[in-house]
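In order, the protein sequence lines correspond to chains A and B.
In terms of the numbering used here, the first sequence is residues 136 to 568.
In terms of the numbering used here, the second sequence is residues 136 to 568.
Read the hints as simulated data drawn from the structure, not as lab findings.
Accuracy of the hints is not assured; some may be wrong.
Subject to a maximum C-alpha distance of 25 Å in a straight line, what follows is the list of computed SDA-like cross-link-like pairs (lysine to any residue) [to be verified]: (1) A:Lys559 / B:Leu224; (2) A:Lys562 / B:Thr382; (3) A:Lys342 / B:Ser320; (4) B:Lys546 / A:Lys562; (5) B:Lys141 / A:Asn468; (6) A:Lys145 / B:Gly357; (7) A:Lys173 / A:Lys145.
Protein chains: 2
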Amino acid sequence: MLNQVKLVKKASLSLAYTKTADKNNLLALIAKNLAKNKQKIIKANLIDQAKAKHLLNSGELTKPLLERLILNDEKIAQLSNYCEAVANLADPAAKVLSKTMLDDGLVLTKITEPFGVIASIFESRPEVVVQVASLALKSGNGVILKGGSEAKHTNQCLSQIIKESLANYNLADALVLIETRGQVSEILAMEEHIDLIIPRGSNQFVKYIQDNTRIPVMGHSGGVCHVYVAANANLAEALNIVIDSKTDYPSACNAVETLLLDEKIAKDFLAKFLLSPKIRNIKLFADRSASEMITAKGVVVKIIENDWEKEYNDLAISIKLVKGIDEAITHINKHGSKHTDSILTENSKEALKFLNQVDSASVVHNASTRFADGFVFGLGAEVGISTGKYHARGPVGLEGLVTTKWRLVGKGHIKGDYGAAPKKSFKHQNLLT
Amino acid sequence: MLNQVKLVKKASLSLAYTKTADKNNLLALIAKNLAKNKQKIIKANLIDQAKAKHLLNSGELTKPLLERLILNDEKIAQLSNYCEAVANLADPAAKVLSKTMLDDGLVLTKITEPFGVIASIFESRPEVVVQVASLALKSGNGVILKGGSEAKHTNQCLSQIIKESLANYNLADALVLIETRGQVSEILAMEEHIDLIIPRGSNQFVKYIQDNTRIPVMGHSGGVCHVYVAANANLAEALNIVIDSKTDYPSACNAVETLLLDEKIAKDFLAKFLLSPKIRNIKLFADRSASEMITAKGVVVKIIENDWEKEYNDLAISIKLVKGIDEAITHINKHGSKHTDSILTENSKEALKFLNQVDSASVVHNASTRFADGFVFGLGAEVGISTGKYHARGPVGLEGLVTTKWRLVGKGHIKGDYGAAPKKSFKHQNLLT
């Protein structure tokens, strides 16, 4: 496999400075070839589906996994559209960030450059092959894909279509599909040849990747998001936002998991909340004080003693009373996953304190946590959401897939000529604008 | 120690959004207090010096280490000037990078924000206390310092002066000095409380840090820089640049270690090179072909068989013949440390290929590798040089000490209202011009 990866690295050096127009034409060609080979893709997918149904019957696979596996006409058309949409996004590479004349004839440029080789390790959904490949190729990166074995035939078929399109540009080596599970640990150890890993899958899966490689990993392993309803919240608005944050898409990483209620409004808020028909299917967990208020309204609740880091990914929520904003901020910074947290208040000074001091990638005031998303944020496409602070943070688009490089061009300049007078000194003249 | 670190984290939350003017006044106060307490600093330093001299006599300490330890009047004045210079640099924090109206009343801002807590682990030079603290504080970060035991009294004295200055702003907790060696491994394990580690010291030291923590480490463990003299180089210029790259400051990380000579000009270049009086003290190591040419001129050389990753940090250089630019690029990408590499040629097409395909933080054309430096590059001050691609790359200034945060402010907006018609769609209007 090392040889395959080395070939990807080599191809990535050519791809890195391929013209934007060529990269866009390549993506258009992939879109066209996906449409053209629709029957072939569906045929491959049916083989995977048949195998998965067997595993479902024997209990070795869950129904959601089977559902995520399916590629039909509509989904294939969406993938073609996706490639075309990525072609239309601005090219993040080869952007000149600064240009400085250090001295006559000595010019320094800071330029964006692709990482090199990106490895994407993901579970069942075969769409990821096309989604990640199109983002990686648009940003000029070579790409290594490792999908789940349950989607083996579909992944092979999709990769082959992309590789054939790449071959038109003499870049067939820029993508490789890795197939056996043992190869994951090999990938994780290839820090000399792989520049970035993007895992997609369950929290445990991402955590495993993070814990077992020295290659930078872009992503998040947890989504314990909070909504804090402050003493000065507009309670009608708050009710609306809390319910949306929980129910709009409960299994999303930006769904709220813990509701912090200022003790001054807890009773009033809960009275409205517990009456809402929309919360009927939500399982409630709460601290003792909140539990008493909830039980008093005849609603079932389970008491939480200490476990404030639960990510339900489901119609369930933890509720805790807090004395005020300081306790809310401390709780979130201690128990949250640095993903997305929201404050609901009409007090702008408190809102600013929350936005400043909550140490999370996305902080929200008077709106739902569910907005934290690359498409919503206007990034065009999303590689994932990063809860790390190093490099990209929060929803990550194409710009997260490039690094920078310094280029210095001189005319025989040597350092020994510069220093205190009578030596020369630097001019540092900005050549941009 | 955990409690001390937690206090730094807490103080960093206040520091993060301290006004630029206050941070600048703080730095001016530190500069003033350093000057005012000069005698105290020198007294503390003399204690460390006395102890170090004992260790020198017993062979437990080297002379360069003792020299690096010394703080005199001039160096203390330089430290005060340094703080004032950092005060004059632009504030990298709280910069609005983008501002987008997602929909009426729903505004998203991407803003720069300090990392939080930076830990600096360094060896003997006590200046690092002031240098790192001023950069960390200016960028709004709390800072943990761990210096070498040989500078214990000096480090304590300098830290105390900074802490007293911080106390004027109720921020005394924002800096802590850690003193015992065992605490390093504790620091490396505190990934929940420390956001970034900046090690300074030998390559082995930095490598040890990188290998033993999951906290992001900013720096470099190697500086195997190359100069490639291509077939079309201006040989007089090349001679000048090669000698500067090696001799201007041989122990610097951006000094050249390996000289790659195109076989078409190798003989001519070596003839000039070996005649230069400036190379008399340089020890030569070379492959067989180059060694033959060197020996033919009556100059002593040692043959290198395979070890092309030697970092001499001294007046010594490896020399290798290559068939052309492709072999040069392949050699550098395989054996270099992704720090700084230079091509000398009058062929602009080859130069561009080199600048594009050499996978290093700084790439240079027709100039010395020695220019790769934060001050030279116009960054004002340098935290270090990063050979990683994730986050900052190459010389890193204040901008490398900040991350970004997304802030979303709404008026009760919920995600469930947005989607395909008849639902609302996003407007994504850029509010920055």
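Looking at the structure, which of the earlier hints fail to hold? 4, 7
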